[in-house]
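**Q** Residues per chain are reported as follows:
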Amino acid sequence: MDGNIITSILFATVVAGTPLIIVALGELVVEKSGVLNLGAEGMMSVGAIAAFAVTLHSGNLWLGVGAGMLAGVAMALLFAFVALTLLGNQVATGLALSILGVGLAAFIGKPYESEVLQAVPPIRIPFLADIPVIGEALWNQQSLVYFSWILFWAVLWFLFRSRAGLVLRAVGESPSSAHAIGYPVIRIRYLATLFGGAMAGLGGAFLSVFYTPLWVEGMVAGRGWIAVALVVFATWRPLRVLLGAYLFGGVMVSQLFIQGSGLDINMPSQFLSSLPYWATIIVLVMISRNRNLVRLNAPVSLGQPFKPES
Amino acid sequence: MLRLEPRADASRLMRYLSPLIAVALMLIGGLALFAALGKDPLEGFRVYFLNPLRDLYGLSELLLKATPLMLIAMGLSVGFRANVWNIGAEGQFIMGGVAASAIALYFIESDSGWVLTGMVLAGALGGMAWAAIPAFLRTLFNTNEILTSLMLVYIAQLAVSWLVHGPMIDPDGFGFPQSKMFEDSALLPELLGGTRLNAAFPMALTALGLGYVFLQRSFMGFQMRVAGESEPAARYAGFAARRMIWVGFLAGGALAGIAGMAEVAGPMGQLTTHLSNNYGFAAIIVAFIARLNPVGIFFASLLMALLYLGGEQAQQYLGLPSSISNVFQGLLLLCLLGADVLINYRLRWKPAEAG
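Residue numbers (numbering that gives the first Met the number 0), protein chains in the order written: chain F, 0 to 309; chain Z, 0 to 354.
Calculated from the structure, these hints are not laboratory results. Here the structure is a predicted model, which means the values were calculated and not measured. Using N, Cα and C, we set each Cβ at its ideal position, and we do this for glycine too. One should not assume that every hint holds.
Claimed, not checked - Label pairs and their computed distance ranges (CB to CB): (1) S142(F) <-> Y235(Z): 55 to 61 Å; (2) L139(Z) <-> R123(F): 46 to 52 Å; (3) G28(Z) <-> E172(F): 33 to 39 Å.
Stated by the list, open to error - If you want a taste of the chain F side facing chain Z, the calculated C-beta under 8 Å gives, among others: (4) L85; (5) G87; (6) A91; (7) I98; (8) G102; (9) V231; (10) P267; (11) S273; (12) L283; (13) S287; (14) R290.
Chain Z with its partners taken away, still in its complex shape (with noise of 0.2 Å):
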């Protein structure tokens, strides 16, 4: 019979080889699902993990996907690090373009470039307002953070739907529940012509850059790392408590909400409901995956944004709903989580013993 017997000590080995594990288990259960629903495994593969790649274009579709991912699991992993379960990124996302479209419509005569800036600062702003809810409930009453950030995700879309259905909606647009087009003045710059990666790719780098300053250089980021691991050594070490909350939430709003941002003036180009693609849960498992580190939060974006491409590749080839991608997705946690028991122990197989 296969075991676990408890290691020693925690694999290190194990701490880093357990997402590959995660990641070839997906693979697994994809191929498994692609061959039940009645398309050749192999096939189904190519479409699914190796189209989104063969040229330029695809390659910068990758990148302008990942690039909301990066900026929210950055901030999130800001909180987590403190055990501050901010699950509510999706909200802030919402409320951060939300904020940014505000700016774009109302200075819509404009063509200054201070309008983007603007547009930056707005969002960082609405997804901090977002995120400011549930620190605040957590830090004055000791409210759960986990369900009211969650619940204020399903607020952040009715209130979006609200403003498109009604003030911010295009009066020229049919009806249609969107608002006007933004001008040039408030779209960002793309990087390479003929593709959709915009100047926020870069944003989302530096972001990961300061992330890992601030993780591993700042005493705050100690602070946190150390509250962390052991709560009794942080409150021992006379840390704060509440300001570690406040400092968790608010990273992750002003990330999501620059993403928010960057959605809205980026491949959107205007507000409407659907702006999220469940980036700021996908943004969660990134977080995960990547051990909380900035450097694997670039190679973990990637990855999901790979499963976000070849969730439309197998839309478009093989007639399957594009929500294929959330259930990958999911897959991918639910195995990393399983994965991660080898850390702390290892399998042996023992006969089974009589009695």
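The following block holds chain F by itself, in its conformation from the complex (with noise of 0.2 Å):
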């Protein structure tokens, strides 16, 4: 393999990486609040065709983005009202806000299917891109790519070094202790959910607007879902959030691996378009082997409804 062979892959394999480092940190945030949303695939439909209709009609790309997010957003409060207002069981209604998301994507979808969005060009950071194998791969990428670094900082630095990051860990392992000390369980939940809402639609948003760059029902094809993996498998801390997403962007592109090693491998396109999923499979068995691991990472209260003594 020569070198341009490593740079277009590592290129490929940032890429692919990049939603579900958005999604899954957005999910990692509302999961440490001790909320359980399963509806990131749906998020991210609704969020991927938004942005893709508002980018093709006002022809802004950045509005399109906005209104991907917003949608995630608006997905997330359905998901709240009905989840920590109604205190319905988290589970089911993540599993109907995925049902309902996919569905309404296809639906409000059906007349752009034919259409196409035009190639985002990439940002060249001076210097850095001119690094030798990585810098081409690492430092002449899309906008989003370097947000998800910032995303990143941002969680790890919300989440352990800032008050409000104590606070919303704490609501995660003991709502009812939060409660008594006089923080608000249900309006930080609400926050955490509606982020995570937000980064699944802007998650959506990169797919259909910056990789494809267009819209086929059914595009998200599973990433939410891998995301909603990810954390666990990263047993809920940033970092290995972070490295599991370029794992499995690596094994998104599998096929540029194959042909990047010259080996005359002929194999079934689906059967390579299957590997995340194994992929996914493999690494949930091999986290939850550990009993302990899962239990001892996983706040307290995830998934566990909370209805404050008023």
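Relying on the hints, combine the two individually framed chains into one complex.
**A** Encoded structure:
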């Protein structure tokens, strides 16, 4: 393999991992507050079509991205109302949100199936992009790739260095104690859930506006679920989310590895496309084999409804 | 201000009323959706909910669509009773259809009555094999079955796509991704002349009857109900949790697989990539609306089938994408989960207090 091939594989891996980072970091914050929202797939789907449609009509990329985030927030609000205010079962509500979101996106997206957006040119960071091999792969990327790194540091700082993050984690570990000291548990969980919705919408927008850039029904293709699995795999730690997302990104672009290796392997494309799903199952098995690994790291109140005595 | 006030005891009335409230809320949401799309809501309602039922053919189509939903939801309810969350019935449905198609295509020259029997068995086994993977991983490694069973849906979709593009493609099919059409010996007999309703419908009714006996009358069913209500109680009583996981997954897989068989040997008549119409996910909604009760599953399946048919009508007469039925289905489940709050809480109007 020569340097160019390595660069292009690395480039594609980073791009494929980026929506996973954004969505999974959002989901991580949600889960740290004790809320399990399995609706990421639905929020991403709606975010993807909203961003695509608005970008197409307005011609303004950032208006589209904003619409995608807003759509994700709207879906998350629906989840929060049913699961947090009306105390619906969080697993079932998240599932319903995914079914609704995927259906809604297909419904809205039907007229857009033959449309194509203009490709967004990458942003080249001077000097850094000149580093051999990795420079072009890391520093000549889409703006949202850089954003995903900023988001990583921001989430890390927020959760473990800021007072608000401490409160959020307290709410996730012991909502009744947090409530007793006077923190508004439900409001904090709402805010976390809406943030997760915005990030899922953004992840969807990245897919439809930057990555493909077109809309096809079912284009999210389980990435929302993989992001949820990634949070478990990462045992609720941001750095592991980042690394895990690139691992999955690498699996998603596995056809490049095979082309790059120069070997004459004739494999059905469906087999290669199924690799990320197999990989998800395998990492989940690896992480859950050790019972304590999940139990000791998961937020204690994850998925439990909470109703303050008023 | 409207407030939620805890009830001393869970309301039995609301347990049965809340699905009806959910349907009413979904209808209101649907009318609002039609209005928002610039359609006359009443006309939309008529086309969507009444048009499909106007003649015998429409009713037979309703039963035809409800059949796979009854089968899958019955199987899922066995697992859901014991909190075994098999979300991957869609994949088990596909694999059942694939296994049954393999039999149909291998014995395509045969006109023996055993071909159909073999297809039912193969369908059940195909679904069970696919369901065994998450059951195995859950019992052996404690791996979350929601995520694994869901991932296997995507894998099953890709597998069927590979099969009909490659090994199982019709050599005379001009390269279309579909298998040969099945011979009559591999097609389910029709019940009513001039309709597509077939022998799978009585099979589904039988499954509902057996499911009722299993859940309400058998010791294993009792154990699973206890485990669903209170996991510590089941553990204390010494009920084998692993066996429940296996029973839940295998029942779900078998019935989903048979439903897949009924689809390829019924309305499809061949294997294609789009053999499933999201039935595996719609059946989850059916099971929830029905409160996992076989009688409820019968009616909830009819309702869900109506949502499918209404989507087709809306596409034909209102020019709306047929995926509108998925919107209605998702909305229905969300409304149900929200309305369920009334089981344990009552709404009270309280004037906002100062301070």
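**Q** Hint by hint, say whether it matches the structure.
**A** Each hint tested on the structure:
1. S142(F) <-> Y235(Z): 55 to 61 Å: holds, 57 Å
2. L139(Z) <-> R123(F): 46 to 52 Å: holds, 50 Å
3. G28(Z) <-> E172(F): 33 to 39 Å: holds, 36 Å
4. L85: It holds, given that the least Cβ distance between L85(F) and chain Z is near 4 Å, below 8 Å.
5. G87: holds, 4 Å
6. A91: holds, 6 Å
7. I98: With Cβ-Cβ at 4 Å, under 8 Å, it holds.
8. G102: holds, 3 Å
9. V231: holds, 7 Å
10. P267: Since chain Z brings a Cβ to about 5 Å from P267(F), closer than 8 Å, the hint holds.
11. S273: holds, 5 Å
12. L283: Holds, about 5 Å.
13. S287: holds, 4 Å
14. R290: Holds - the Cβ of R290(F) comes within 8 Å of chain Z, reaching about 6 Å at its closest.
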